[in-house]
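2 protein chains.
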Amino acid sequence: MASTISIEQYREGLQQGNIALLSRAITLIESRRPDHQRQAARLIDAILPDTGKSVRIGITGVPGVGKSTFIEAFGMQLIESGKKVAVLAIDPSSSISKGSILGDKTRMGQLSVHPHAFIRPSAASGSLGGLTYKTREATLLCEAAGFDTIIIETVGVGQSETEVSHITDFFLLLMLAGAGDELQGIKRGIMEMADGLVITKADGENKEKAKAARSEYARALHFLPPHPSGWIPEVKVCSAYDQTGIAEVQAMIERYMAHQQANGYLEQNRSEQNRFAFRRLLGEQLQQILYSKPGLKEEVQLLEQEIRNGRLSPYSAVDRIIQQL
Amino acid sequence: MASTISIEQYREGLQQGNIALLSRAITLIESRRPDHQRQAARLIDAILPDTGKSVRIGITGVPGVGKSTFIEAFGMQLIESGKKVAVLAIDPSSSISKGSILGDKTRMGQLSVHPHAFIRPSAASGSLGGLTYKTREATLLCEAAGFDTIIIETVGVGQSETEVSHITDFFLLLMLAGAGDELQGIKRGIMEMADGLVITKADGENKEKAKAARSEYARALHFLPPHPSGWIPEVKVCSAYDQTGIAEVQAMIERYMAHQQANGYLEQNRSEQNRFAFRRLLGEQLQQILYSKPGLKEEVQLLEQEIRNGRLSPYSAVDRIIQQL
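Chains A and B are the protein sequences, given in the same order. According to numbering that gives the first Met the number 0, the first sequence is numbered sequentially starting from 0. According to numbering that gives the first Met the number 0, the second sequence is numbered sequentially starting from 0.
Any given hint could be a false lead.
Which copy? The list can't say, so a pair holds if one copy fits it or any two copies do.
Each computed BS3-like pair below joins lysine-lysine, with the alpha-carbon atoms no more than 30 angstroms apart [to be verified]:
| no. | residue 1 | residue 2 |
| --- | --- | --- |
| 1 | K235 | K292 |
| 2 | K208 | K82 |
| 3 | K83 | K133 |
| 4 | K52 | K83 |
| 5 | K186 | K210 |
| 6 | K206 | K52 |
| 7 | K133 | K296 |
| 8 | K52 | K208 |
| 9 | K133 | K206 |
| 10 | K52 | K210 |
| 11 | K82 | K296 |
| 12 | K210 | K133 |
| 13 | K52 | K82 |
| 14 | K292 | K82 |
| 15 | K52 | K235 |
These are calculated hints, taken from the structure and not from any lab test. As the structure is a prediction and not an experimental result, all values here were calculated from the model.
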């Protein structure tokens with residue numbers, strides 16, 4: 000069905016904010032059919048001039064931190080201040096029942112039915128890099144359709160936090176109050192990657208604990224190396240339940256964007272993200288060529304096992320493989 | 000000259016701790032001649048069974064932190080406790096005058112002339128990945144020659160800190176007392192990567208400041224996510240000048256190694272490092288095949304520029320390139 004709409008029709012429809020066409024366009028880019036993939040590539044090229052003017056926010060946090068609830072409250076805050084918000088996801092497990100807002104209909108509330116919001120579950124699983132690429136293209140389509148704020152949530156497993164940093168401007172880390180166990184689910188390196196931290200559930204008996212945690216994290220961040228752009232990551236507290244602190248998160252991100260636009264960092268970062276996407280895609284395509292030779296994929300896996308066990312050097316293995324091309 | 004020695008002669012010589020042969024073997028693996036590269040690959044395969052029994056320590060820090068002085072003191076401490084120490088470097092600038100111990104003969108002192116020490120400057124510059132691979136192979140050769148502690152220092156520019164983490168067991172970060180300016184030269188993510196921190200120059204008037212910095216960094220680390228293996232990174236102070244704190248650094252690393260050997264993490268980490276080296280080498284070789292086609296390298300660079308500027312989508316560019324293969 001998607002193939003009966005021309006590129007020009009897609010582009011015009013997106014420019015008019017046609018949500019049905021946006022959904023179909025995203026379905027098209029997710030398709031694995033070669034003819035759809037070619038059409039999708041032409042569509043992305045056609046809409047590139049209409050993209051780039053949004054804020055791209057990555058949101059991550061361990062299961063139980065209240066990500067769905069936060070995104071609901073944050074999304075409504077943005078809409079009430081005049082924004083048009085798209086919510087996408089990177090979910091390698093492709094399971095909509097593992098803590099993503101997009102799988103939890105009981106928490107979708109007002110956001111999912113608001114005319115200025117667009118919510119789309121993650122693409123079906125492929126390689127993690129492929130999934131990130133599809134989400135990147137979905138982001139561009141949402142921008143072409145007039146959404147000025149794109150939220151990309153990660154279901155916090157494996158590498159998805161690092162992935163989301165490749166396609167967003169601002170990386171927001173949701174945290175629970177306290178150290179120790181609450182830090183267990185967070186991958187090393189993620190806190191230093193964050194542009195802002197939000198301590199959630201700062202209500203009732205947890206309020207004082209959340210404020211104490213904010214001081215401690217702010218202090219810890221002070222002893223980490225500075226952001227290359229000069230931006231100093233901030234730590235906020237919020238309660239989706241009490242509806243407090245959400246506006247401050249929005250204000251922080253707006254200050255960040257103003258700062259990074261003024262010093263050229265935003266442009267430089269996006270340029271580098273584009274380059275990374277290209278290099279990775281190229282590497283994957285080259286590997287596909289390698290695997291198209293019968294039996295070579297299995298041989299690579301066998302050699303990799305020998306290398307992992309220290310019984311074969313990488314250089315010899317690679318030489319063996321390349322000889323066969 | 001190197002090619003007139005057989006693989007078996009190399010192996011036996013290394014097993015006997017022949018330093019002259021070790022030097023020649025490292026020169027062989029660094030050579031770019033195809034016949035040398037083939038011989039080097041066979042040599043590495045032959046000595047693999049003789050490797051793996053050392054401690055591999057990566058040491059990094061900003062220029063001015065006192066890295067050369069520390070490595071001199073630390074190396075002598077290790078030797079005095081019965082170890083045999085090799086010191087290698089990853090230096091992408093290939094300039095031996097930019098703060099590496101290996102370029103600073105005035106600071107080499109006792110270590111460079113001790114029979115139980117072996118010091119080798121970085122290989123000539125190539126790709127950063129290639130440089131890391133050569134250092135990896137040099138590490139294996141040193142192990143085959145009986146060195147039980149391998150120190151790999153990085154000249155702290157660009158990506159070399161991340162590189163050294165791919166080929167070492169313990170990542171040691173040298174720091175100056177204080178925050179703010181002193182943190183300027185450290186890349187984001189490096190502190191969270193460290194298995195241990197050492198505040199240097201804890202002597203004279205700087206002593207109290209160094210101790211205060213240790214408390215603050217230990218506190219900051221407490222609020223970062225834990226190491227997946229359960230190891231809690233420690234913060235030490237030392238003074239190469241007063242000869243204090245050096246033995247404590249050695250003790251910390253020994254405790255780390257015992258901990259990681261007991262829980263299987265060391266083996267798992269090395270296995271993953273081997274796999275990474277393989278995958279990266281394979282990717283580079285595939286890219287070399289791509290670039291062997293005349294004009295394709297330049298075209299890739301032109302397309303990359305268009306992509307960086309947001310004027311072309313990565314997918315289309317990659318498609319264009321792959322069609323030509």
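- Message: Check the structure against each numbered hint from earlier and tell me which ones fail, lowest number first.
- Response: 1, 2, 6, 8, 9, 10, 11, 12 and 14
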